[in-house]
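Here is how the chains run, residue by residue.
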Amino acid sequence: MMAEYSAFSLLANALKGNKDWKPAWRKPDPKASYDVIIIGGGGHGLATAYYLAKEHGITNVAVLEKGWLGSGNVGRNTTAVRSNYLLPANTRFYEHSMKLWENLSHELNYNVMFSQRGCLNLAHTPAQFDDYARRGNAMRHLGVDAELMTPAQIKRLIPALDISDSARFPVVGGLMQRRAGTARHDAVAWGYARGADRRGVDIIENCEVTGFLRDGDRVTGVSTSRGDIRAKKVAVAVAGSTGRVMQLAGIETMPIESHVLQAFVTESLKPFIDTVVTFGMGHFYMSQSDKGGLVYGGDLDGYNSYAQRGNLPIVDEVMSEMLALFPGLARVRMLRSWGGVCDMSMDGSPIITTGPLPGMYLNCGWCYGGFKATPASGWCFAWTIAKDQPHDFNAPFTLDRFHRGLVIDDKGQGANPRLH
Amino acid sequence: MLITCPYCGPRDVIEFTYQGDGNRERPDPASQNFEAWNAYVYDRLNPAGDHNEIWQHSGGCRAHLRVVRNTLTHEISSVAFVRGEHTSTPRRKAEGKS
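Line order of the protein sequences matches chains Z and X. Quick note on numbering: the first sequence equals residues 730 to 1149 in the numbering used here. Quick note on numbering: the second sequence equals residues 728 to 825 in the numbering used here.
Check before you lean on any hint, since a few could be wrong.
Claimed, not checked - Some chain Z residues judged to face chain X by a derived CB distance under 7 Å, without partners named: (1) 907; (2) 980; (3) 984; (4) 1031; (5) 1037; (6) 1040.
Said to hold, decoys possible - From the derived model, a few chain X residues whose C-beta atoms are all more than 12 Å from chain Z: (7) 734; (8) 735; (9) 748; (10) 751; (11) 759; (12) 775; (13) 788; (14) 805.
These aren't lab readings, by the way, just hints derived from the structure by calculation. Idealized CB from N, CA, C, for every residue including glycine.
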């Protein structure tokens, strides 16, 4: 009997000293072969396994994770969920994700604490406000909610925000997506893991892929730290490690750089901010966790890194940005900081595709924004693996778009591995 | 992270601007080789380990530097001037000889 959670089980286990909790998923040894192997036991890999089993009836599946489940970016992000993009390909995909988020706790019977508290992008110049109006209109055109807010409305929503004319960057307005919000990131990994496990998927932790088994060009399995495993289809969903894993398959270059992104949390405060707010004159975003800590982050450190830890200049920059918006936080203590390795694509948009080798499927290029994409990424990747062709939602997210002039450059900034 | 500029000595990373992957080869501006341009603009080696990259000491002597840095540990194993890489005989020196 695997773990079920209820008020009764919580009470019963509390009275028994919490000694009888059952694991939420099995710890199986790898079989000799599977129909599908998914490399990477993060949010996207686990969601892919879940939707493969649930939507497509493919249950002879293994998820291989080099560390422990959820040890990568699914447990390192700042938990924001939104679908406020400009370009139709991104808007449609992330809005599909938003709709899956809205039903996710019910779907998984696991409380992912999805809280639609809104996401507000602050504008600090009239031109930026016009640009937000354009993006808001583009969103509404595709059926996504968006509304412009005045400084007075913003002040009512976030009293602690400095909107005075003497602020370093005065606020002239904002773009709000009310349906955006946050979710409990670990619960997303655990919920998908339990859901996949119950449908027969083997989740194999501490199993690092060290090479690919090949029959000519075709990928026929993987060698791992726990032996060779064969599979009809091998799917790669390894985020920041994409370059490393693809090199094992003989793909030397990718339109991706791995960069470190830091995140921070303060000591717990009383309710301070009940939305997600982003700064328009730099790169800063903040929300408040249910425990009360302010969770926030900023820009990449800016150089290639696989280190999962960053340097001090960006810490200084992020704190300065926070104080430009919220001078009242100057004496709040920072509790923790950490870093995650982001797979930064050259146009800021993801890749979910068949190939590039026969028998292989690729999911990468999530930049900063992989967490909010988790449900749709898994849903679309499962579709692509099961049917050997992309769904309409992920058809634009090819690997060869960079070489065919079909980039999805939401920022309109040209090739740069350091976009949103 | 400290980078030891060959001109200025060891300085904090905040004085430097990252200019990216130093392995890329820019095609001749007149080249119409799309493959080569595509590779230059989009494709990256992205190694986990020693990475050959270009930094500029923008807050110091402004020299462009070729740095070999480990992307797993941030350890820097070599720093050298980029200048002089592309012409084995600098023009002024050649003129001085004649």
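Item to complete: Could you tell me which of the numbered hints above are not met by this structure, giving the numbers in increasing order?
Response: 1, 2, 5, 9, 10, 12
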